[in-house]
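Trainee: Taken in sequence, the protein lines are chains A and B. Residues 0 to 293 (numbering that gives the first Met the number 0) make up the first sequence, in order. Residues 0 to 341 (numbering that gives the first Met the number 0) make up the second sequence, in order.
There's no promise every hint is true.
Claimed, not checked - To give an idea of the interface, some chain B residues facing chain A are shown, with a C-beta separation under 7 Å as derived from the structure:
#, residue
1, Lys45
2, Asn92
3, Gly94
4, Phe163
5, Ala202
6, Glu215
Claimed, not checked - FRET-style restraints, in silico, Cβ to Cβ:
#, chain 1, residue 1, chain 2, residue 2, range
7, A, Val25, B, Ala230, 49 to 59 Å
8, B, Ala102, A, Leu271, 48 to 58 Å
9, B, Ala230, A, Phe20, 51 to 61 Å
10, B, Ala139, A, Val106, 23 to 33 Å
I should point out that these hints are in silico values taken from the structure, not numbers from a laboratory. Note that this is a predicted model, so its numbers are computed, not measured. Ideal placement from N, C-alpha and C gives every residue a C-beta, glycine not left out.
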Amino acid sequence: MDNSAFPLSARSRRRPFFRLFTIPAVLVAIVFTIAMAAILQYSVRAQIPGSLDVGGFTLANFSAMLRPLYARVFADTVWLCLLTAVISLVLGYPLAYALVRSSNVAVKSFILIATVTPLFLGEVVRTYSWIVVLGNTGFVNSVLIKLGIIVQPLQLLFTVTGVTIALVHVTLPVVVIMLAAAISHIDPDYERAAESLGAGPLRIFFTVTLPLSGPGIVAGLTTAFAWTFSAFATPQLVGGGKVNMVSNLVYQLGFANFNFPFAAALCVAGLLLTYLSIFLMRLLLRPMEKVGLH
Amino acid sequence: MKRIFVASAALTAILWTAPAFAAEKLVISSWGGSWKELIEQTVVKKFKADTGADVEFVTGGTIDRLNKAKLAKGNPESDITFTTSHVGWLYANDGLFETLDMAKIPNAKSLVEQAKISPYHLGSWAYVYTIVYRPDLVPADIKFDSWADLWKPELKGKLSAPDFDTSHLVAVAAKLEGADAANWEKGNAKLKALKPNFKAYYANDAASQQLMQNGEAPVQVMLSMNAYYIASQGIKVNVAIPKEGAVLGIDTVGIMKGSKHSDLAYKFINALLDPDVQKEIATVKKGSPVVTNAKLDPDVAKLPGIFTTPEQWAKETLVIDHKLRAEKTGEWRKWFTENVIN
Numbered sequence: 000m001d002n003s004a005f006p007l008s009a010r011s012r013r014r015p016f017f018r019l020f021t022i023p024a025v026l027v028a029i030v031f032t033i034a035m036a037a038i039l040q041y042s043v044r045a046q047i048p049g050s051l052d053v054g055g056f057t058l059a060n061f062s063a064m065l066r067p068l069y070a071r072v073f074a075d076t077v078w079l080c081l082l083t084a085v086i087s088l089v090l091g092y093p094l095a096y097a098l099v100r101s102s103n104v105a106v107k108s109f110i111l112i113a114t115v116t117p118l119f120l121g122e123v124v125r126t127y128s129w130i131v132v133l134g135n136t137g138f139v140n141s142v143l144i145k146l147g148i149i150v151q152p153l154q155l156l157f158t159v160t161g162v163t164i165a166l167v168h169v170t171l172p173v174v175v176i177m178l179a180a181a182i183s184h185i186d187p188d189y190e191r192a193a194e195s196l197g198a199g200p201l202r203i204f205f206t207v208t209l210p211l212s213g214p215g216i217v218a219g220l221t222t223a224f225a226w227t228f229s230a231f232a233t234p235q236l237v238g239g240g241k242v243n244m245v246s247n248l249v250y251q252l253g254f255a256n257f258n259f260p261f262a263a264a265l266c267v268a269g270l271l272l273t274y275l276s277i278f279l280m281r282l283l284l285r286p287m288e289k290v291g292l293h
Numbered sequence: 000m001k002r003i004f005v006a007s008a009a010l011t012a013i014l015w016t017a018p019a020f021a022a023e024k025l026v027i028s029s030w031g032g033s034w035k036e037l038i039e040q041t042v043v044k045k046f047k048a049d050t051g052a053d054v055e056f057v058t059g060g061t062i063d064r065l066n067k068a069k070l071a072k073g074n075p076e077s078d079i080t081f082t083t084s085h086v087g088w089l090y091a092n093d094g095l096f097e098t099l100d101m102a103k104i105p106n107a108k109s110l111v112e113q114a115k116i117s118p119y120h121l122g123s124w125a126y127v128y129t130i131v132y133r134p135d136l137v138p139a140d141i142k143f144d145s146w147a148d149l150w151k152p153e154l155k156g157k158l159s160a161p162d163f164d165t166s167h168l169v170a171v172a173a174k175l176e177g178a179d180a181a182n183w184e185k186g187n188a189k190l191k192a193l194k195p196n197f198k199a200y201y202a203n204d205a206a207s208q209q210l211m212q213n214g215e216a217p218v219q220v221m222l223s224m225n226a227y228y229i230a231s232q233g234i235k236v237n238v239a240i241p242k243e244g245a246v247l248g249i250d251t252v253g254i255m256k257g258s259k260h261s262d263l264a265y266k267f268i269n270a271l272l273d274p275d276v277q278k279e280i281a282t283v284k285k286g287s288p289v290v291t292n293a294k295l296d297p298d299v300a301k302l303p304g305i306f307t308t309p310e311q312w313a314k315e316t317l318v319i320d321h322k323l324r325a326e327k328t329g330e331w332r333k334w335f336t337e338n339v340i341n
């Protein structure tokens, strides 16, 4: 709609509570901006050992990030985020598809409950349950040993595998919900048309349904990626200090080392890296997104 | 009429003799969970009986509370703060603690030397970070008489230690190399050699207890009070005191500068150092008393990590200077992260 057709006063009359309802959002935005400004300010200050006060301006915090340890944690974080996003997509797509397309109410309800319930549990509770499941004497190892498949327990805790499993559990519900929303917007007539032209179920899926769900796939991938980037409790507990992500480093530097300036610099770098990664992902996935905007 | 007069007189007498602090409230900053419960069950009970004053808790993590205190400098949220000995120095360095008037804490006369941390904060109970192990999951011939036993190849992939505070192992490695925490670099090579034995690093007490309970890390550099908690849950764990001494930890208390209830705060600290309260703390949570006149039950007194004689305090503890620790924790932690964890 061309807004110029309505002068401001006319628009205000059409939306009488617009300004009033915007106030909370503006206040929240102001608070977040102040918080971000504080972090930015801390990131360029020097640490004073033995004190929480900060010293003069410096860029040393950013140059310190180029050291192999910190560069590796950034690389590990990006890798874990990608892995989690892709696995969530691969596992989530069939679930979302069945959720939308199944005509069986019981199946729909089961999928919905199974995928959404984890959202109502805290991240810490979910993570602790994974510690119980993945441990040396946990569910997975006990079953595999009893079945005679393995003799010695598999090392799942404190490994990238264990952390990824737990992270996927955190992101899967969100990815399923986003994909289900995208799939539900696909007009079934497209699929019927393909079927009437002789396409089989697999061809219909790969040439019609999957491309048309592109926006959901892009949204799911980028959300899972960004969400995982800020994961803290899961890598902290399941990683056991052996698998570290940026947020764990921020915590360690701030709360164990009292080095708030360096922790703030890591926050800023992490935020920039998230933006950059999502920008690149969207650039790569743009063709898929365009196809889906039917 | 006579009955009413007698009742009125009695009521007046009760009100007259009631403690003068009855209407006041002391705000205590402490950790939450079992730590808050410990303070409530022991010190607060005595404090309320002595003064009639009420208390309110503000709980949170060690550094969270320090940050909040910094933001509220001059108009503190709490009157009393419990914190660790070295973080107490951060409060003191930032001018958040009041200089204590020891004349107002008569019970402090019995305080052991190791608990006189600074003119601003005093020990409230003690514990050790030491070697704790599950005898059923560790080779029987390893007894942990020395910290050097942690380096034995048989313990490959069995060890865990806190990742939030690496000062214990830094000080131990230096000691094993004939140095002290001030010359911690001398233990660096030794500490790097311990890397293969680590299974995981724990981020909090709960994670430490879980790693011990499920056997993932059956040997730990662990808080003695946590070890006794696990033992109370039916898990057989041994608490070793190596010949070099167990690393002493002291939780402390200080009065916030700007407190409006300073007199009550002094009474609270005095109640904390009361020998019976100290005995209770040792009984409930197996924290070592920090006064010399607490009479512990023999079953509690004999536990490793509980010190009742000057000889025990001297021989069984490895003390890291608290101020040095406050200044060096960051540097030690950074070195440990770069060279051992990763």
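Trainee: Each hint needs a verdict: does it hold in this structure or not?
Mentor: Verification of the hints:
1. Interface restraint check for Lys45 (chain B): the shortest CB-CB distance to chain A comes to about 33 Å, outside 7 Å, so the restraint is violated.
2. Checking Asn92 (chain B) against chain A: minimum C-beta separation of about 5 Å stays under 7 Å; hint holds.
3. A least Cβ separation of about 10 Å between Gly94 (chain B) and chain A goes past the 7 Å threshold, and the interface hint is therefore violated.
4. Against a cut-off of 7 Å between C-beta atoms, the interface hint on Phe163 (chain B) holds, since the closest Cβ of chain A lies about 4 Å away.
5. Taking 7 Å as the C-beta cut-off, the interface hint given for Ala202 (chain B) holds, the closest approach to chain A being about 5 Å.
6. Annotation: Glu215 (chain B) was flagged as interfacial toward chain A, and the flag holds, the nearest CB pair being 6 Å apart, inside 7 Å.
7. For Val25 (chain A) and Ala230 (chain B), the Cβ-Cβ distance of about 56 Å falls inside the hinted range of 49 to 59 Å, so the restraint holds.
8. The given range of 48 to 58 Å is respected by Ala102 (chain B) and Leu271 (chain A), whose C-beta atoms sit roughly 56 Å from each other.
9. Taken as a hint, the range 51 to 61 Å holds for the pair Ala230 (chain B) and Phe20 (chain A), whose Cβ atoms sit roughly 58 Å apart.
10. Checking the proposed 23 to 33 Å range against Ala139 (chain B) and Val106 (chain A) shows it is violated: the Cβ atoms sit about 55 Å from each other.
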